[in-house]
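Undergrad: Residues per chain are reported as follows:
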Amino acid sequence: AQSVTQLDSHVSVSEGTPVLLRCNYSSSYSPSLFWYVQHPNKGLQLLLKYTSAATLVKGINGFEAEFKKSETSFHLTKPSAHMSDAAEYFCVVSDRGGSQGNLIFGKGTKLSVKP
Amino acid sequence: EAGVAQSPRYKIIEKRQSVAFWCNPISGHATLYWYQQILGQGPKLLIQFQNNGVVDDSQLPKDRFSAERLKGVDSTLKIQPAKLEDSAVYLCASSPDRGSTEAFFGQGTRLTVV
Chain A
1 AQSVTQLDSH VSVSEGTPVL LRCNYSSSYS PSLFWYVQHP NKGLQLLLKY
51 TSAATLVKGI NGFEAEFKKS ETSFHLTKPS AHMSDAAEYF CVVSDRGGSQ
101 GNLIFGKGTK LSVKP
Chain B
1 EAGVAQSPRY KIIEKRQSVA FWCNPISGHA TLYWYQQILG QGPKLLIQFQ
51 NNGVVDDSQL PKDRFSAERL KGVDSTLKIQ PAKLEDSAVY LCASSPDRGS
101 TEAFFGQGTR LTVV
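Chains as they are written, first to last, in our numbering: chain A, 1 to 115; chain B, 1 to 114.
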């Protein structure tokens, strides 16, 4: 069975400082992993995805994530936070080796950015 | 390319009433998902279609929820009768096929049951 654990429900950073949003996963098969962002009253937008190619994945808006199989982690980072990064972030696992390929979401991490 | 379209954007109903949501996926996408997102939580899969067939409806409360995708294109999700705990955002998503690694989400329908 697949599952995702987002270790922090809320992260607060100052503008210009690094961002770290933590995610651990569990999967019976070779997983695909994603980070989605949800701004208030907006739809979910894909930030980046890992699908068994390079373990360091670069996404939009300067975000990146590193797949670490030994640690079953897929943490999201950004070197310098911007006010516009304030949103809810979801780590997602998909079971590519299984038959269904559905997406399992974590509970989300709310990122606040202080001026 | 047009995105996933959902309507209505907002709906307020009284408990025990019925409600329906509509989703039009991205053209050509075979896989369609309905998710329920309760305030403060991550989206939870309700049902997954591959073309007009159901792939996974294990978490759909079938005593009150139903969904169909008759022609393998657009889909409707119905709740009858609604309960207070059904208040949530209902998200529709589509992907090119079941093995695809990315789903595209609509903006959702915010349902409030009073």
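Please keep in mind that the hints were generated in silico from the structure rather than gathered at the bench. Treat the hints with care, as some may be off.
What the hints assert, rightly or not - Within a straight-line C-alpha distance of at most 20 angstroms, the following computed DMTMM-like cross-link-like pairs (lysine to aspartate or glutamate) qualify: (1) A:Lys-49 <-> B:Glu-85; (2) A:Lys-107 <-> B:Asp-97; (3) A:Lys-68 <-> A:Asp-8; (4) A:Lys-114 <-> B:Glu-102; (5) A:Lys-58 <-> B:Glu-102; (6) A:Lys-49 <-> B:Glu-102.
Undergrad: Tell me the numbers of any earlier hints that the structure contravenes, in ascending order.
TA: Result: hints 1, 2 and 4 break, sorted rising.
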